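Let the hints inform the model, and build the full structure from the sequences given.
First to last, the sequence lines map onto chains A and B.
Okay, so the first sequence: first residue is 1 according to my numbering, each after it adds one.
Okay, so the second sequence: first residue is 1 according to my numbering, each after it adds one.
To be clear, the hints were calculated from the coordinates, so they are not data collected in a lab.
Careful, some of the hints might be misleading.
Pairs count within a copy or across copies, as identical chains cannot be separated in the list.
Calculated lysine-lysine pairs in the DSBU-like style (CA-CA distance at most 35 Å, straight line) [as the list claims (entries may be wrong)]: (1) Lys25 - Lys212; (2) Lys57 - Lys96; (3) Lys146 - Lys348; (4) Lys281 - Lys19; (5) Lys25 - Lys281; (6) Lys379 - Lys132; (7) Lys234 - Lys67.
If you're wondering where the values come from, they're calculated on a predicted model, not measured in any experiment.
Number of protein chains: 2
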Amino acid sequence: MQNRIFSQDLVNQVVNELKIADLEKATIGEVLLLASGLEQITGIPFIRMDQGVPGLKPCRIGIDAEKKALDEGVASMYPAAAGIPVLKEEASRFVKAFLDVDISSGSCIPVTGSVAGSFSSFIACNQRDKDKDTVLFIDPGFPIQKSQLKILDIKYIEFDVYNYRGGGLKAKLEELLEKGNISSIVYSNPNNPAWICLTEDELQIIGELATKYDVIVLEDLAYFAMDFRTDFGKPFQAPFVPTVARYTGNYILMLSASKIFSYAGQRAAVLCISDKLFSRKFEALAQRYSGSGIFGPVFIGEILYMITSGITHSTQYGYAAMLRAASDGELDFVKETSEYGRRAHRMKELFNKYGFHVVYDKDIDRDISDGFFFTVGYKDMSCAELMRELLYYGISSIALSTTGSEQQGIRACCSRMHDDLYTVLDERLRFFRLDH
Amino acid sequence: MQNRIFSQDLVNQVVNELKIADLEKATIGEVLLLASGLEQITGIPFIRMDQGVPGLKPCRIGIDAEKKALDEGVASMYPAAAGIPVLKEEASRFVKAFLDVDISSGSCIPVTGSVAGSFSSFIACNQRDKDKDTVLFIDPGFPIQKSQLKILDIKYIEFDVYNYRGGGLKAKLEELLEKGNISSIVYSNPNNPAWICLTEDELQIIGELATKYDVIVLEDLAYFAMDFRTDFGKPFQAPFVPTVARYTGNYILMLSASKIFSYAGQRAAVLCISDKLFSRKFEALAQRYSGSGIFGPVFIGEILYMITSGITHSTQYGYAAMLRAASDGELDFVKETSEYGRRAHRMKELFNKYGFHVVYDKDIDRDISDGFFFTVGYKDMSCAELMRELLYYGISSIALSTTGSEQQGIRACCSRMHDDLYTVLDERLRFFRLDH
Numbered sequence: 001m002q003n004r005i006f007s008q009d010l011v012n013q014v015v016n017e018l019k020i021a022d023l024e025k026a027t028i029g030e031v032l033l034l035a036s037g038l039e040q041i042t043g044i045p046f047i048r049m050d051q052g053v054p055g056l057k058p059c060r061i062g063i064d065a066e067k068k069a070l071d072e073g074v075a076s077m078y079p080a081a082a083g084i085p086v087l088k089e090e091a092s093r094f095v096k097a098f099l100d101v102d103i104s105s106g107s108c109i110p111v112t113g114s115v116a117g118s119f120s121s122f123i124a125c126n127q128r129d130k131d132k133d134t135v136l137f138i139d140p141g142f143p144i145q146k147s148q149l150k151i152l153d154i155k156y157i158e159f160d161v162y163n164y165r166g167g168g169l170k171a172k173l174e175e176l177l178e179k180g181n182i183s184s185i186v187y188s189n190p191n192n193p194a195w196i197c198l199t200e201d202e203l204q205i206i207g208e209l210a211t212k213y214d215v216i217v218l219e220d221l222a223y224f225a226m227d228f229r230t231d232f233g234k235p236f237q238a239p240f241v242p243t244v245a246r247y248t249g250n251y252i253l254m255l256s257a258s259k260i261f262s263y264a265g266q267r268a269a270v271l272c273i274s275d276k277l278f279s280r281k282f283e284a285l286a287q288r289y290s291g292s293g294i295f296g297p298v299f300i301g302e303i304l305y306m307i308t309s310g311i312t313h314s315t316q317y318g319y320a321a322m323l324r325a326a327s328d329g330e331l332d333f334v335k336e337t338s339e340y341g342r343r344a345h346r347m348k349e350l351f352n353k354y355g356f357h358v359v360y361d362k363d364i365d366r367d368i369s370d371g372f373f374f375t376v377g378y379k380d381m382s383c384a385e386l387m388r389e390l391l392y393y394g395i396s397s398i399a400l401s402t403t404g405s406e407q408q409g410i411r412a413c414c415s416r417m418h419d420d421l422y423t424v425l426d427e428r429l430r431f432f433r434l435d436h
Numbered sequence: 001m002q003n004r005i006f007s008q009d010l011v012n013q014v015v016n017e018l019k020i021a022d023l024e025k026a027t028i029g030e031v032l033l034l035a036s037g038l039e040q041i042t043g044i045p046f047i048r049m050d051q052g053v054p055g056l057k058p059c060r061i062g063i064d065a066e067k068k069a070l071d072e073g074v075a076s077m078y079p080a081a082a083g084i085p086v087l088k089e090e091a092s093r094f095v096k097a098f099l100d101v102d103i104s105s106g107s108c109i110p111v112t113g114s115v116a117g118s119f120s121s122f123i124a125c126n127q128r129d130k131d132k133d134t135v136l137f138i139d140p141g142f143p144i145q146k147s148q149l150k151i152l153d154i155k156y157i158e159f160d161v162y163n164y165r166g167g168g169l170k171a172k173l174e175e176l177l178e179k180g181n182i183s184s185i186v187y188s189n190p191n192n193p194a195w196i197c198l199t200e201d202e203l204q205i206i207g208e209l210a211t212k213y214d215v216i217v218l219e220d221l222a223y224f225a226m227d228f229r230t231d232f233g234k235p236f237q238a239p240f241v242p243t244v245a246r247y248t249g250n251y252i253l254m255l256s257a258s259k260i261f262s263y264a265g266q267r268a269a270v271l272c273i274s275d276k277l278f279s280r281k282f283e284a285l286a287q288r289y290s291g292s293g294i295f296g297p298v299f300i301g302e303i304l305y306m307i308t309s310g311i312t313h314s315t316q317y318g319y320a321a322m323l324r325a326a327s328d329g330e331l332d333f334v335k336e337t338s339e340y341g342r343r344a345h346r347m348k349e350l351f352n353k354y355g356f357h358v359v360y361d362k363d364i365d366r367d368i369s370d371g372f373f374f375t376v377g378y379k380d381m382s383c384a385e386l387m388r389e390l391l392y393y394g395i396s397s398i399a400l401s402t403t404g405s406e407q408q409g410i411r412a413c414c415s416r417m418h419d420d421l422y423t424v425l426d427e428r429l430r431f432f433r434l435d436h
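This is the structure in structure tokens:
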């Protein structure tokens with residue numbers, strides 16, 4: 001191990017200082033503190049592949065609209081509980097433009113980031129029917145969503161989709177759904193961390209079973225249209241982004257501004273609820289909240305309002321302006337974000353050059369897209385082993401085991417790569433290879 | 001009832017349109033929709049005493065700092081989970097300047113408004129000890145906090161402090177605390193809706209009992225320093241704002257930007273947790289979240305981060321700048337907000353002139369302050385009756401019964417009053433008096 005950049009002692013020292021109980025199970029937050037700590041002590045920069053943060057400049061259109069709203073005095077006024085009308089309308093128009101799905105503006109509800117969106121959706125979906133008390137994750141997935149359930153004492157089950165792509169998905173899902181206890185199905189598409197993309201056929205399976213077993217699909221579209229194998233960036237023109245919304249009336253889409261507009265700092269997302277679900281009455285909601293029990297109004301008035309009482313007023317104007325510019329064809333957010341695809345492509349080449357392999361490599365019969373994340377394994381190294389070993393060579397990542405995956409490898413985020421770093425990555429991977 | 005401005009038929013029609021199940025139990029949200037609806041149909045403006053919204057311009061210092069932060073690119077970067085350092089430091093300095101209390105910056109945590117602050121605090125306080133599963137409200141109070149507990153399935157008890165001021169508070173509290181099931185005590189000071197102010201003696205009783213029975217006090221300081229009988233507006237100089245923090249180490253202060261800086265639209269508050277509580281280990285938290293169980297880190301990393309993943313980045317800079325200006329003595333927010341005291345004073349004069357009386361009228365032996373809210377009753381009319389009758393005369397308010405009060409009357413918010421409206425209010429109250 002003579003080529004290590006950070007010694008085992010030094011890494012252990014920082015692990016102890018940060019009180020990380022088990023490096024092999026380290027959360028994203030712990031890994032990034034560890035990498036920053038090592039950078040600080042040694043002055044040697046890391047290749048930071050850990051946290052999924054935007055690596056592009058924030059969208060100027062949003063910033064300008066926020067500043068204008070601030071000058072107009074919105075800071076003193078509580079935003080409407082259901083969101084400001086212009087953002088609701090632009091969200092409705094955006095899903096029509098890029099998904100070709102009809103959702104009325106009333107069913108599009110701003111939330112303080114998709115994190116707040118899934119947290120509140122779990123509450124609403126699980127309280128709507130006393131018999132449906134368990135969430136189903138199509139993994140790998142975003143660990144925060146499971147942590148949310150820990151706060152709320154909600155049960156969940158999960159499976160790694162790796163071996164259940166295509167037609168195999170149907171039998172697997174039916175086996176899990178037929179007990180009748182599943183309230184909701186969660187996945188992200190493109191997938192965080194694996195960057196696989198469920199196909200329209202797979203989404204049709206999910207949608208039809210959601211209807212059959214009365215389950216609500218929470219579709220996380222954080223990386224909207226970032227399957228760069230296809231250009232989804234032309235508003236109101238095919239091809240449209242794949243979505244379960246075409247195949248069931250039981251869905252909530254989570255549309256985050258964080259990655260598509262590089263706007264993570266302002267905490268803005270919109271929940272787009274199917275009109276059918278929005279207007280459906282649930283007896284359990286009527287009982288708990290002594291009211292109509294209609295899903296949408298209960299969700300807004302009795303749940304979301306009680307968690308944050310709306311989302312930052314100026315940010316709603318900023319998000320609305322960015323969505324409008326995208327739907328008007330003035331802002332090609334797909335072209336902007338396709339930079340991530342180029343970065344991932346170059347990084348994967350380097351990993352391949354030094355004997356690594358992409359773990360989640362196929363969408364059934366097609367090579368996966370280059371995008372925000374990818375997964376790599378090395379020989380027969382376990383998740384935790386590879387994550388830890390890469391740290392010694394100045395490369396931080398996330399062990400796949402923390403994401404519900406049963407495969408061995410790590411998640412790499414390409415967002416922080418820039419031109420100067422490829423030669424550094426090349427050298428570090430070469431050193432790693434020499435030692436392993 | 002010949003002098004009514006809105007007929008019973010018209011009011012009933014809008015009540016039906018809005019699907020308000022029971023006007024007598026109408027929530028704030030329903031009352032404001034009803035008042036807006038009647039204004040829209042008739043073109044006749046209401047005297048809007050319903051929602052507690054800022055009636056002053058948003059603080060320019062905050063707006064300028066937000067715009068600067070936006071220009072510097074903070075919109076793309078996730079804010080630190082614990083809040084940005086400058087806001088944490090300024091919050092710590094502000095509580096020293098105006099409360100004369102020492103809380104380190106690490107224990108000051110930004111949240112998406114005090115609503116998110118109380119929601120998450122209820123979770124943390126109730127999960128820390130399995131035997132302490134019930135919240136105690138010193139009422140009257142803010143109905144949203146009870147609605148939050150309905151979402152979370154947390155039990156609560158409550159009592160109207162009206163008959164338990166001064167020494168009587170101790171016996172009442174001990175009676176409720178000695179069962180050992182109380183996790184936290186909640187109140188606002190100055191009080192929403194009654195505008196009573198607990199005295200230092202009363203806060204000492206609460207603090208000492210909180211220590212004795214290991215209960216966490218959630219002190220809501222939304223109307224910070226708005227007891228205008230005393231000028232609390234000089235930083236680092238007595239007199240200091242009364243607080244329970246002087247009498248126990250078991251507290252969380254909720255410091256909202258909404259009213260003191262007229263910044264409600266941006267959803268910003270800071271939770272100031274006592275350092276003692278912040279660093280205390282709880283076995284139940286360690287078990288649930290498989291970690292250290294230290295209150296502060298669990299609260300930030302396992303609860304707050306999972307609900308909104310931080311608060312709007314630019315807004316944190318805005319809030320920090322306003323706190324700094326206040327502590328530097330450059331922004332006299334007490335003088336700014338004392339406008340509410342003048343409005344309340346004039347409104348109370350008119351109510352008195354027409355036979356109304358202030359319901360919560362004393363802090364033990366002292367007349368209450370004029371401020372953001374006040375309460376009025378009329379003869380022997382019930383809460384619901386008075387609230388409804390005033391609607392016919394174009395005056396919207398909140399029935400005290402919805403706030404945990406056992407007294408008869410309504411809450412009036414003075415924030416939307418302006419000079420042109422006093423003659424209108426005078427006439428409407430005169431009409432009301434003629435008919436009753």
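| task | Check Lys25 against Lys212 for me: Cα-Cα at most 35 Å, and say if that holds within a copy, between copies, both or neither. | result | Close neither inside one copy (37 Å) nor across copies (39 Å); limit 35 Å.
| Is it within a copy, between copies, both, or neither that the alpha carbon of Lys146 lies no farther than 35 Å from that of Lys348? | within (29 Å within a copy, 52 Å between copies)
| said: Cα distance capped at 35 Å. Does Lys57 pair with Lys96 within a copy, between copies, both, or neither? | reply: within (26 Å within a copy, 38 Å between copies)
| message | When Cα atoms must be at most 35 Å apart, do Lys281 and Lys19 count as within-copy, between-copy, both, or neither? | response | Answer is between: at 14 Å across copies they meet the 35 Å cutoff, but 48 Å inside does not.
| request: At 35 Å max between alpha carbons, let me know whether Lys234 reaches Lys67 within a copy, between copies, both or neither. | output: Both. Shortest intra-copy (28 Å) and inter-copy (32 Å) distances satisfy the 35 Å Cα cut-off.
| message | At most 35 Å between CA atoms: does that hold for Lys25 and Lys281 within a copy, between copies, both, or neither? | response | Between copies only: 22 Å across, 42 Å inside.
| Lys379 and Lys132: within-copy, between-copy, both or neither at 35 Å Cα | neither (42 Å within a copy, 51 Å between copies)
The structure fails hints 1 and 6 (numbered hints given earlier, in ascending order).
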